[in-house]
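Following the hints, position chains B and C with the ligands against chain A.
Residue numbers (the numbering used here), protein chains in the order written: chain A, 1 to 384; chain B, 1001 to 1099; chain C, 2001 to 2180.
For the record, the hints were derived by calculation from the structure and aren't laboratory data. Each residue gets a CB set at the ideal place from its N, CA and C atoms; glycine is no exception. There's no promise every hint is true.
To be verified - Now the in silico label distances, taken between C-beta atoms and shown as ranges:
no.: 1; chain 1: A; residue 1: A70; chain 2: C; residue 2: G2044; range: 44 to 54 Å
no.: 2; chain 1: A; residue 1: M214; chain 2: B; residue 2: V1095; range: 39 to 49 Å
no.: 3; chain 1: C; residue 1: K2125; chain 2: A; residue 2: K2; range: 25 to 35 Å
no.: 4; chain 1: A; residue 1: W379; chain 2: C; residue 2: K2105; range: 38 to 48 Å
no.: 5; chain 1: A; residue 1: Q221; chain 2: C; residue 2: N2147; range: 55 to 65 Å
no.: 6; chain 1: A; residue 1: A70; chain 2: C; residue 2: K2125; range: 50 to 60 Å
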Amino acid sequence: MKKVIMGNHALSYGAMLSRSQVIAAYPITPQTQVVELLSEMCADGTLQAKFIKVESEHSAMAACIGASAAGARAFTATSSQGLALMHEMLHWASGGRLPVVLGNINRAMAPGWTIWTDQNDSLSQRDTGWIQFYCASNQEVVDTVIQAFKVSEALAIPSMVVLDAFALSHTYEVVDIPDQAKVDAYLPPFNPPYRVTPDDPRAFGGLTGPEHYMELRYKLQKDMEKVPEMIERTGREYETTFGRYLGLVDDYLCDDAEIILVTSGTAGYTARVAVDEMRDRGLKVGNLRIKVFRPFPFEIVRRLTQSAKKIAVVDRNISYGHHGIFAQELKSAIYGHGGYKPVFGFIAGLGGRDITPASFREVVDTTISHERSEEEIVWIGVKK
Amino acid sequence: MKPKKEIKKVVFQSAEEMPTMPMSIGNMLWNKTGSWRNIRPEIRLEDCIQCGICWKFCPDMSIEIEAEWPVVNYDYCKGCGICAEECPAKCILMVEERK
Amino acid sequence: MIEMRFHGRGGQGTVVASKILADALAKEGNFVQAYPEFGVERRGAPVFSFIRIDNKPIYDKSRIYAPDHVVVVDPTLVEAIDVTEGLKDGGWIIINSDKKPADFKFPAKFKVATINATEIAVRNKLGTLGAPIVNTAITGAIVKILNLTKLESLLEAIGDVITIKPQNNQKAAREAYEKA
Ligand code: SF4
Ligand code: SF4
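Just chain A, same shape as in the assembly:
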């Protein structure tokens, strides 16, 4: 069934079709409609789930952790400052190996007070042990939530499904809403090996001495390493049923490209428009949109950038004192694999400043006209 829906409702539909059993969330702009629709769905019986009202995002995640530990499929959504407040609990979910799925609307961090998009909120949670998906369309949001539950539950690692504030959250697009019976066949009920139950009482997340802690972390990392393969496999399964492949990256004209743009989120779609224009001008440019940021898809990124002469990474985020976060990842991915290849790091679109096809033209012009990047960061559109 095709429907015109906003990105926030795409998250709600994803959670509904996944038959989430517990939803706990605290409202924050620009995430509000996600939970509004879910609470309506819970009230009118469309979704058989317990909706838990909480007093903060920290409690929202705590409630999801409790629910997941008890064997329920748990979903929440937040943004920016709300995600920051959840930080402690994010570690509890991943450390506890609880496959919660969280929708995060990318909103820049205050101050200055802001509600517009950039990725510093979710990327600040890089090392919490969560899988991170970055979406570029409302269709991808619905599909990815369903896939995220499948991947998370198979490997006992929680997932964050990330979308840009306004450019997706409040933008209406045509979405093919997957059929419930087919989703049920793709995503069977959550059935963890252990759960909080009076029949087999255990303490979860208790004191763990130096003789065991490191092994727990080793196991989390080992399972994280299995995620890329799992995403590709479940993505192909999804394609068989629904006709849409859900992979680690979205590569556009990379095979013969001399310059590859590395992008993410909605800017990763806008980049395609610029690539088309530049191809018309005879420039061999391709676009590699990174969809899964954690675990970073090293192998496929290496393979797709192999024949390119230069790489231009466009970051809608910044690691102060270093540079763009995707640029760092890209460099670490290709280091030691093949000869030297210049990586240009661009920063654009912070705090909701628009990233347009013209921004990418500027990026490509700079990349073409320089042998190697003269500065660690090339700023796009900043009033210096």
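Okay, now just chains B and C with the ligands, sitting in the frame of chain A:
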């Protein structure tokens, strides 16, 4: 119901044999945390007014109500003294643990 | 690809108008993208909403700066702001107004159409006399002038989106369609 099993410290020799989730390796039915206690609550039932406050306040759910009277479950009571503090009849005494 | 901008005031249902249009277009197999002005909306203040329409997937997620057409839901805005900002040559300016197109002094490179959506809305008891809800009526005129969709698809979309007095809204859209 309660298996008579000794609490033994389990040390795994490999990551593989460990469960994925960080959780008590043993079942809590035999992992009796009451051994951590060094003072114990004793209830003078003759002064007890059966208000149930101790039952409600115990953070370890170690006070059970049996036939309307509070009874301490020493298998799990950690001796924190909260029940004694909260008891309005002041009929719970914290006494030195007899080893 | 067609790109359009709607001008209205907060609370007039400007965003809903673009959503209805998006729904109607999607019913006929088009790809659409409709979005409000990014940010906070205040009742009574000038607001925008936007729509992109194409027969293939729309990848451009940047904002619309040079629309093909503009729609002015609130006639007082013509005086208050420049509704032609960025408007492409030959583009339509569709205004909710009781005046004739020639009464507006826009550069000749633009085409002007007027529809008295306020009168239609009042007659169909949409909103109140002081604050009529004109967004559904105006979609009828847009669809006709720009030849975007069949009237039936629009009426169906209004039935899907509008929960209060859907029939009156459909009637208003039909009247505007016929008059435009
Ligand atoms: S001492 Fe503490 S743990 Fe023991 S019964 Fe009293 S309140 Fe519970
Ligand atoms: S709090 Fe004191 S008085 Fe009340 S039930 Fe417990 S022991 Fe008895």
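Hint check:
1. Range check, A70(A) to G2044(C): Cβ separation about 49 Å, and the 44 to 54 Å hint holds.
2. At about 41 Å, the beta-carbon gap between M214(A) and V1095(B) stays in the expected band of 39 to 49 Å.
3. A C-beta distance of roughly 32 Å is found between K2125(C) and K2(A), which places it inside the suggested range of 25 to 35 Å.
4. In this structure, W379(A) and K2105(C) meet the distance hint of 38 to 48 Å, their C-beta atoms being roughly 42 Å apart.
5. For Q221(A) paired with N2147(C), a C-beta distance near 59 Å keeps the hint of 55 to 65 Å intact.
6. A C-beta distance of roughly 52 Å is found between A70(A) and K2125(C), which places it inside the suggested range of 50 to 60 Å.
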